[in-house]
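Undergrad: Below are the chains, spelled out letter by letter.
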Amino acid sequence: MNLIYMDHHATTPLDAEVLAAMMPALTSEYGNPSSNTHAYGHAARYMVDSARAQVAQLVGAPRPDDIIFTSGATEADNLALKGIAHAKDYMPARNIVTLAIEHKAVLDAARRLQKENVEIRFAAIDPYGVVDLDDLAAKIDKNTILISIQTANSEIGTIQPIREIGVIAKKHGVPFHTDAVQALGRYEIDVMRDHIDMLSISAHKMYGPKGIGALYVRRGLKLTPIIDGGGHERNMRSGTLNVPGIVGLGKAAEIAKRDLKSESERLLKLRNRLEDGILRRIEHVRINGHPTNRLPNNLNVAFAYVEGESLILACRGVALSSGSACTSTSLQSSYVLKAINVPDFLAHGSLRFGLGKSNSEEHVDIVLDLLEKGVRRLREMSPLYDMAKEGVSIESAHFSRHARGK
Amino acid sequence: MMDAWDDYSEKVMDHYENPRNVGIVEKANGTGVVGNPACGDVMKLTIRVENDIIVDAKFKTFGCGAAIATSSMVTEMVKGKSLADALEISNRGVMEALGGLPKVKRHCSVLAEEALKAAIADYEKNRRDISPAA
Ligand code: FES
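Quick mapping for you: the protein sequence lines, in order, are chains A and B.
According to our numbering, the stretch in the first sequence is residues 146 to 551, in order.
According to our numbering, the stretch in the second sequence is residues -9 to 124, in order.
Certain hints may be false.
In silico BS3-like links for lysine-lysine, alpha-carbon gap of 27 Å or less [said to hold, decoys possible]: (1) B/Lys1 to B/Lys69; (2) A/Lys233 to A/Lys249; (3) A/Lys233 to A/Lys355; (4) B/Lys1 to A/Lys518; (5) A/Lys406 to A/Lys483; (6) A/Lys233 to A/Lys316; (7) B/Lys69 to B/Lys17; (8) A/Lys355 to A/Lys502; (9) B/Lys48 to A/Lys518; (10) A/Lys483 to B/Lys93; (11) B/Lys48 to A/Lys534; (12) A/Lys367 to A/Lys315; (13) B/Lys48 to A/Lys249; (14) A/Lys227 to A/Lys260; (15) A/Lys287 to A/Lys367; (16) B/Lys115 to B/Lys17; (17) A/Lys483 to A/Lys284; (18) A/Lys534 to B/Lys17.
Now the stretches of chain B that chain A is said to cover, found in silico as 3 or more residues with beta-carbon under 8 Å [what the hints assert, rightly or not]: (19) 6 to 13; (20) 40 to 48; (21) 53 to 61.
Facing chain A, from chain B, some residues (calculated, C-beta under 8 Å) [claimed, not checked]: (22) Cys29; (23) Gly90; (24) Val94.
In short, the hints are calculated from the structure, not lab data.
All figures in this text were calculated on a predicted structure; none of them were measured in a lab.
Beta carbons: idealized from backbone N, C-alpha and C, even for Gly.
Same shape as in the complex, but just chain A (with noise of 0.2 Å):
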């Protein structure tokens, strides 16, 4: 039943837009691109060619050849690090330089590689998730064979300052990996400007569909294939072309860079009206991430003495996530705002808004109001709001007793 969808950092509706340039791809033109003793394999051939040239503009690639799509960002993410990792392994030591708070793909695809040898360092960061420029220069040595540091992060917004990243990187001559798939369409982003080597693209992030990506690669830039077989995409990634797939990611890339000013600024204001309807009404709330350099669409906040789920449950008709380990099935605390050392009382009142398209100024004020009396509900339930009011530091606080585990 939700009215209101405010996560589109996890997924975004498929633009109308989108959904009629695929349409062909879908029904009549169903060739396969790599045909090409016929028609149909012609006019598959002319769809991708014409996506790719749509998705290298999104990026400032020199040449749509440049795009090797993908089932998606995760796989552009583990082709970027396994594929430098592999193509390097004559190398008697490697190592990869990256931040904490990155996405699942980064670090789990390091953590793999880590088994191979592949040593993983982590460049500090600061309290609103900025990686420490100082920090990232000292960790890279002659062994280094990637920095991959992502251009937005999907919880707290907090976007790095990319370009410092690339001139580091190319001062350094290694080659700098940028997952941007929550950055594309909300902030502007140029690979050759920012000195990138390669950048994850996710079409459903931006108003395309699920199940398509791409990896920016630069002209000259050595990868081991993670998939083989036909040796497709300039024999980086085999496999049938998702046709009706590209098409969606290219026209979603299109509208992106179209729409990048316009809707920015139209989601930088909407979110300015959250962030200063929670600050003003509600107290004891804190922003997690970074207070300016942030996504023109996140907010995440803390709202202390209060449980994420619970206040989800009180935003009913909301689509809403939390940093909360009740909200996890791990019953883990989000990972992102350990890593900033958001103390975990607070990481559990806290909520990401993730603002897009289809919200309006009604929706943010129907959402502050269910905050503002939600908060007020729970708070009068929380036996911590009780100590805090006492006095009693909730950190060093004592129960008499500890529940089991199951």
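Fit chain B with the ligand to the supplied structure of chain A, relying on the hints for placement.
TA: Just chain B with the ligand, lined up with the frame of chain A:
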């Protein structure tokens, strides 16, 4: 469409929306505060015992919908019960009374059982401290 509400039974949602016995019992003679190491939630249960009967019980809980609902349910279940009977209440019993909980939320009901046990233990300790065992 599904939302967070759909994971819970109607009864759970009723107790979440209209929790019974929120607060601190006046002249409580037993208090249990427990933390849930699994996810970090906290429940405080206060009871008033007279002649071995729990005459009043109130809770304060910081936790998920299931934690709030089980807290509310346990206060309803213990009222009017003898201490011996109250000690028989298990997290399973509380869950059943609520029409079940999603699997990942079962541990939340442990909080309620443990808070009850802690409150009764506290009551017994208080009693011993005031009038040393004869
Ligand atoms: S109390 Fe944390 S999951 Fe229920």
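Undergrad: Holds or violated: are the alpha carbons of A/Lys406 and A/Lys483 at most 27 Å from each other?
TA: violated (33 Å)
Undergrad: Does B/Lys69 sit within 27 Å of B/Lys1, going by the straight-line distance between their CA atoms?
TA: holds (19 Å)
Undergrad: Run the distance test for A/Lys534 versus B/Lys17: straight-line Cα separation, threshold 27 Å.
TA: holds (20 Å)
Undergrad: Below or equal to 27 Å on CA atoms is what counts here, so check A/Lys233 against A/Lys249.
TA: Holds: A/Lys233 and A/Lys249 sit about 23 Å apart, inside 27 Å.
Undergrad: Can the restraint linking B/Lys69 and B/Lys17 be considered satisfied, given a maximum Cα separation of 27 Å?
TA: holds (15 Å)
Undergrad: Is it true that the CA of B/Lys1 sits at most 27 Å from the CA of A/Lys518?
TA: This hinted pair holds, its Cα atoms lying about 22 Å apart.
Undergrad: Against chain A, with CB atoms and a cut of 8 Å, does the hint on B/Val94 hold up?
TA: With Cβ-Cβ at 5 Å, under 8 Å, it holds.
Undergrad: Holds or violated: A/Lys233 and A/Lys355, Cα atoms, limit 27 Å.
TA: violated (32 Å)
Undergrad: Sort out whether A/Lys249 lies within 27 Å of B/Lys48, counting only the CA atoms.
TA: violated (42 Å)
Undergrad: State whether the coverage of the region 6 to 13 of chain B by chain A holds or is violated, taking the criterion as 3 or more residues with Cβ-Cβ distances under 8 Å.
TA: Contact hint for the region 6 to 13 of chain B vs chain A: holds, 3 residues under 8 Å.
Undergrad: Within a Cα-Cα threshold of 27 Å, do B/Lys48 and A/Lys534 meet the stated pairing?
TA: The given pair, whose Cα atoms are some 19 Å apart, holds under the 27 Å limit.
Undergrad: Starting from A/Lys287, check that the Cα of A/Lys367 is at most 27 Å away, please.
TA: Holds. A/Lys287 to A/Lys367 sits at ~18 Å (cutoff 27 Å).
Of the numbered hints listed earlier, those contradicted by the structure are 3, 5, 13, 20, 23.
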